[in-house]
Structures are given as structure tokens and as C-alpha cells.
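Trainee: From first to last, the protein sequence lines stand for chains A and B. The first sequence lines up with residues 9 to 243 when you count with my numbering. The second sequence lines up with residues 2 to 365 when you count with my numbering.
Do not take every clue at face value.
[Said to hold, decoys possible] Distance ranges between label pairs, derived from CB positions:
| # | chain 1 | residue 1 | chain 2 | residue 2 | range |
| --- | --- | --- | --- | --- | --- |
| 1 | A | Glu152 | B | Tyr112 | 47 to 57 angstroms |
| 2 | A | Gln175 | B | Glu169 | 31 to 41 angstroms |
| 3 | A | Gln33 | B | Leu327 | 39 to 49 angstroms |
Because the hints were derived from the structure by calculation, they are not lab data. C-beta: ideal position from N, C-alpha, C; glycine also.
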Amino acid sequence: MMDVFNWDGTVSAKDFRIGALSFAQKWESLNSAFPPWSWVPCPKHPWLASPELFQEEGYLSLENICISRPYEVDIDQNSQTDPGEEETSCSEKEDDIDDATLVQSNHHELHYCDFHIVYSYTFRVPVLYLRAYCSDGRPLLLDEIEKELPACSSKESPETKWAFITQEEHPYLKRPWYKLHPCGTSEFMKLLFLGGDTGQPKLEVVLELYLLSWFSAVGQVVGLRIPCKMLNDRR
Amino acid sequence: MRKAIQKRMEAKKYVWEGAIPLQIHLHESQVTTLPPPPPALILAPRIGYLPLLVPLIKPHFSSTLPPGVDTIWFEYRGLPLKWYIPTGVLFDLLCAEPERPWNITVHFRGYPGNVLIPCDGEDSVKWSFINSLKEAAYIINGNCKNVMNMSQSDQLELWHSVMNGNLEAYLRVSSKLKLATIEDEYTSLCSSKSQQGSGETDFTGQVKTGRVPVRLYVWSISEDFDDWEDLSQVDSWEKISYINRPIEIHKEGKCFTLHDAMKSLLPEFFSDESLSDSKLARVDFEDAQKIPSEDVSSNKVVEDQGQNAYEHREACCISSSAEIKLIRIQGIEPKLEIPFSWLVNNLLNPDHFLHICVCVKVPQ
Numbered sequence: 009m010m011d012v013f014n015w016d017g018t019v020s021a022k023d024f025r026i027g028a029l030s031f032a033q034k035w036e037s038l039n040s041a042f043p044p045w046s047w048v049p050c051p052k053h054p055w056l057a058s059p060e061l062f063q064e065e066g067y068l069s070l071e072n073i074c075i076s077r078p079y080e081v082d083i084d085q086n087s088q089t090d091p092g093e094e095e096t097s098c099s100e101k102e103d104d105i106d107d108a109t110l111v112q113s114n115h116h117e118l119h120y121c122d123f124h125i126v127y128s129y130t131f132r133v134p135v136l137y138l139r140a141y142c143s144d145g146r147p148l149l150l151d152e153i154e155k156e157l158p159a160c161s162s163k164e165s166p167e168t169k170w171a172f173i174t175q176e177e178h179p180y181l182k183r184p185w186y187k188l189h190p191c192g193t194s195e196f197m198k199l200l201f202l203g204g205d206t207g208q209p210k211l212e213v214v215l216e217l218y219l220l221s222w223f224s225a226v227g228q229v230v231g232l233r234i235p236c237k238m239l240n241d242r243r
Numbered sequence: 002m003r004k005a006i007q008k009r010m011e012a013k014k015y016v017w018e019g020a021i022p023l024q025i026h027l028h029e030s031q032v033t034t035l036p037p038p039p040p041a042l043i044l045a046p047r048i049g050y051l052p053l054l055v056p057l058i059k060p061h062f063s064s065t066l067p068p069g070v071d072t073i074w075f076e077y078r079g080l081p082l083k084w085y086i087p088t089g090v091l092f093d094l095l096c097a098e099p100e101r102p103w104n105i106t107v108h109f110r111g112y113p114g115n116v117l118i119p120c121d122g123e124d125s126v127k128w129s130f131i132n133s134l135k136e137a138a139y140i141i142n143g144n145c146k147n148v149m150n151m152s153q154s155d156q157l158e159l160w161h162s163v164m165n166g167n168l169e170a171y172l173r174v175s176s177k178l179k180l181a182t183i184e185d186e187y188t189s190l191c192s193s194k195s196q197q198g199s200g201e202t203d204f205t206g207q208v209k210t211g212r213v214p215v216r217l218y219v220w221s222i223s224e225d226f227d228d229w230e231d232l233s234q235v236d237s238w239e240k241i242s243y244i245n246r247p248i249e250i251h252k253e254g255k256c257f258t259l260h261d262a263m264k265s266l267l268p269e270f271f272s273d274e275s276l277s278d279s280k281l282a283r284v285d286f287e288d289a290q291k292i293p294s295e296d297v298s299s300n301k302v303v304e305d306q307g308q309n310a311y312e313h314r315e316a317c318c319i320s321s322s323a324e325i326k327l328i329r330i331q332g333i334e335p336k337l338e339i340p341f342s343w344l345v346n347n348l349l350n351p352d353h354f355l356h357i358c359v360c361v362k363v364p365q
């Protein structure tokens, strides 16, 4: 088995699927603030008479998440956020919600987002696709999305930020979605696991925790926070 | 050696000069004059993209258009055309029986934003092209640094060379990207000249990885037919499987053919040969040349296919009666025995992808 030093930060499609299911399970049991992720199987050839025969591929889906930011937010001393970070609130209660007064934003309606985690055969890493809309279903434009999710803003140059979103066709749904760019993913995944001084983990462990670690970084860009207990859970 | 280079250039020139005659009709909803304007007749480069033709099309219809902002899109028999797919690929895919000229419809209003990604003209197409090039670079080299680090002027020159169909300019700039083409012992045999240090600027001669950028478009038919024209035509993108997946080349033993490549991407359409031959491959491993050794991935294919015995049997039923009816690359229908490396070295699009259209016949 390849050892972790030679690992290039990527995963196979099979490992992605296994990791995705395990990530979804952990999320469901430890992250009650959010609805669960579901695995959506996708037939390779939808037009076949029995498309389900070739259906190992699929993606993780989390939909209808409110991304509207409050007009004003105070940072509570006890919450675990950095002072400079912005929080996205959710219509559901979060475990570590602070005592600050959250003033409803100026929007007359709330904005929602669907998130899909899809495997990229080119880059051999997970990729986050998202689609945002108003409560009446109207899709949000890019600048409206960037307002709600400022970490995705394309205003800064691609060289200085590692995550930016572009509009591309969803590989399975064949519709325009927004995609968070995966170019640097394998490098930062490698760093995440090998950069620390806690000793070198076994490759099997790395692959099992891959999606969790990936999402702990990427999720922040779109305002989805993983609670610490999920990161610390070693089951 | 010079002859080999010449031959290579000839093939590439042939591809770059390929064009589709288009007869472009304005959609009736946007015709405001009587008589309606005649269609525009345009020769569209195969390696180009439809939105790039707009500067030629718009003047032809501008006097007829209703006032307002233009959002241009194309459609063939009701199917909105994806503008980021090269024109030649669209033609090969959607016209089973090549229609000359190809009759398509242009719209200046009513952009189907739920189906098509927005296109703001040349810039969108350029962005999509560069993005594809980055993907190809990543597949070939394991990173896209060479494309990301291109100077602005190089990027522009490369893009203009594609827009203008200027192969020499394209090769000059793209050689700096060091995107290796595939070379194997059979390439040199096929061209019957030594490839050693051929000095050709468009490949380094070094095979860095065995991954080839491929975009596969698969559509199916379920009945037999006499003429391609008799077939019911593709009326929805749901009926086409788009497989954007690199092909891994395994270089042990024999030449890697188009057949091998297709089998690696579409194992489900290759019959029980994948089952029986995998046994053969193990038995004959030491006995290399006697029987064609299937590549190792066929074993994995057997594992991957189906979670249980029932599914596996069903899958075999489909694969044993499925038949690849047509493979088209750059309008050419190559034989399955052709060395895959030849296709890669000669039929790539400027985005460095091999776009392959496949028609499969499957049972009802």
C-alpha cells in the first residue's frame, strides 16, 4: 500500500464514495444544527432501460440552507469564531449561537442555497457546487451570492485567494450551477494531513477522514461550519 | 525525420482547416420584417465555437431584429446548443447523417438560462477555453502551473490563434506549455521513421503520465436501421451521457488501441470478453504474446460492476447485447484497431482534449 509520504493529496472515485457516506453519517449524528447530507446516486447512462445498473457514481446533497446574513451581528466572547470572521446564520439554531442581537437583514426575503459535493475525475478531489435562490425560487445572480458569501468573491485576484466561484454546468444535473474551484485542493489536503507535527498518520486513516477535513476548510468559505465535536470524533 | 514532422503537420492542418457549412436561420419569433431575411451561410471552423460567429451573423439580421438587448443562442431542431462545445463536435454528435449545410437556428432573445450557462460573447468563450486547457494541463502534468503562469500576451496570442485558425501561431505559443503528447514504441513503427529528438516543437517526447484528456459524448439507439437519417434525433441533453474523464494508458505489452480506450471508459458496453479474458490475462501473464492481454483495469471493472450477483448478471446481459455503432472524432470514423496514440497526437482540439462522439445500440 502506498505510504502517506508519497500521497499526492488526491483520492479515487471509490474512496470518495466511501468517504462521502461516512462523512454524511458523522454529520447526521453530530451536527444536529443542520439537516443531513444525502447521497444521490447517478446513473452513468440515464437513457438506459435500467439505468440503475451503472450507478456507482453520485454526489452528496444538502439543500435549502438559509444563507442570508443578518444586518448586524455582535461577536460573543464565548463563541469560537475569530473576531474578524463573519458568521452566517441559519434559520435553524446552531449549537454555539451567541447572545448577540441579530437584526433581520434589509432583504424582504431570505436567500437559500443548495450544496452538492461532487467528485472530479480530472482533479481527483471533491468539488463543491452550489445554487442559490430566493424563497420564491428566483435564482440569485453572482453578485448577490457574493454578498451573502463574501469569501467566494471573485473581486480579489485568483493568485491571492485559493477559492473562487464560477458558473459551470453541473456534471450530473446538466444545468448551470456555481462551482468552487478545485485547483489547489490536492495541495492543501496534503498540507492538512502532513503539515502538522502530530506525527504521520496512516494512509487509511487519511482517506477515511479526507472528506471531513476537506469540508472543514471548504465549508467555511460558504459559511457552513463544522462543530468541533465532529472534528474531534474519532469513531 | 523531416518527413515525419511534415506528416504530423499535415494531419494537424487538416484538422484545423476542417469546417462545417452552416445555414443559419433567424427564429421566426424575432422576424419583424416581410419578407423574412434569408438565412446566413457561414463556413464554421470545426475547432471553433458558435458564439465566435456572431460578428458574421449579426449584421446579416440586424435590420430585422426587434429593439432591445441581444442574448444570442443557437438551437438545432429545438435543442439549445451548448456554446462551450466545439462546433465540429456538436455537428458530429447531433447529425448522425451529416447534413450539409447544417441548418441551425439563431435566437437573439429568450436565452434559456435554465439550460445554458450565460454567454457574454467572446470573453466567455475564451474563459471556457482557457479553463479546459488548464484541465488538460492538470491531467497531463499533474498541475496547471504552465497555463496559469502564461503571460497575458501569450494567452491572448494563443486565444487569437484559435479564433483565427492560425495553426503556426498556436503551435508556437502552446509549445511553451510543454504539454507532452503520447509516444510509444508503436508511434515510431507506425510512422516508420525514428522519432528520436525529432525537434518538433509541439511535444517534448517525454511521456510524463499515462493520462490523456478525453471528453466522451455517448448517445444510444435501440433499434436497427438502414439509414442514419431514419433515426429519431436527439432532442434533449438528458439523452446524451457526457463523460469528462481522462483515459489511463497502460503501456505493457501490445499497442494501446482505440478499442482499449473505449473499453476503459465504457466497460459496460463491452461483452463478456471482459470476464473471460481477465482469466486469460492472469493465466497468460508469463506467456505474453500469445493472447492479447487485457489491461489490468478489466479485473477492477468486474469488481466494480454491480453490488450483487443479480445486478452483475443483468449488467452482462446489457453488455453482451450492446454494440458500438459509431465513433466519430473530428468528423472521422477511425477503426477500433487504430493506435490510440495516433488519435491523441493528431486529432486533439486546441483545448488539448480529444472529443469523442459515440453511438451505442442497446436492447430496449
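Trainee: Which hints from the list above does the structure break, by number from lowest to highest?
Mentor: 1
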